[in-house]
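Full structure from sequences and hints, please.
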Amino acid sequence: GRHHPAHLVVGGETVPPTLWERLTAVDGVHPVNLYGPTETTVDAYYWLPGDFADRPEGRPVRGSRAYVLDSSLRPVPTGVTGELY
42 GRHHPAHLVV GGETVPPTLW ERLTAVDGVH PVNLYGPTET TVDAYYWLPG
92 DFADRPEGRP VRGSRAYVLD SSLRPVPTGV TGELY
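Reading the sequence shown from the start, the letters are residues 42 to 126 in this note's numbering.
Since the hints were made in silico from the structure, they are not lab data. These numbers come from a predicted model, not from an experiment. Just so you know, even glycine gets a beta-carbon here, dropped at the ideal spot from N, CA and C. Heads up, some of the hints might be wrong.
Stated by the list, open to error - Have a look at the derived ranges for each label pair, beta carbon to beta carbon:
hint	residue 1	residue 2	range
1	G104	G53	46 to 54 Å
2	G120	V51	23 to 31 Å
3	P57	L125	12 to 20 Å
Below, the structure written as structure tokens:
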């Protein structure tokens, strides 16, 4: 039979929505997308299947928090573009 990985970890770049949908549709594969800005030097956020629609950059890893701020370092409303801190 054909073998494929049970877990697929992707990192370094944001995964396009169409590719994420294809990865999550494969039976038996559990994709995780890792993300982290250069300043963190490691991955600081992750996606799990079902997360893409409401969290395009993922969730903060355990023990950390994420904020989307404007150029004056003030929180932006949900859905407004800003910088991830």
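| Ascending list of hint numbers which this structure does not respect | 1
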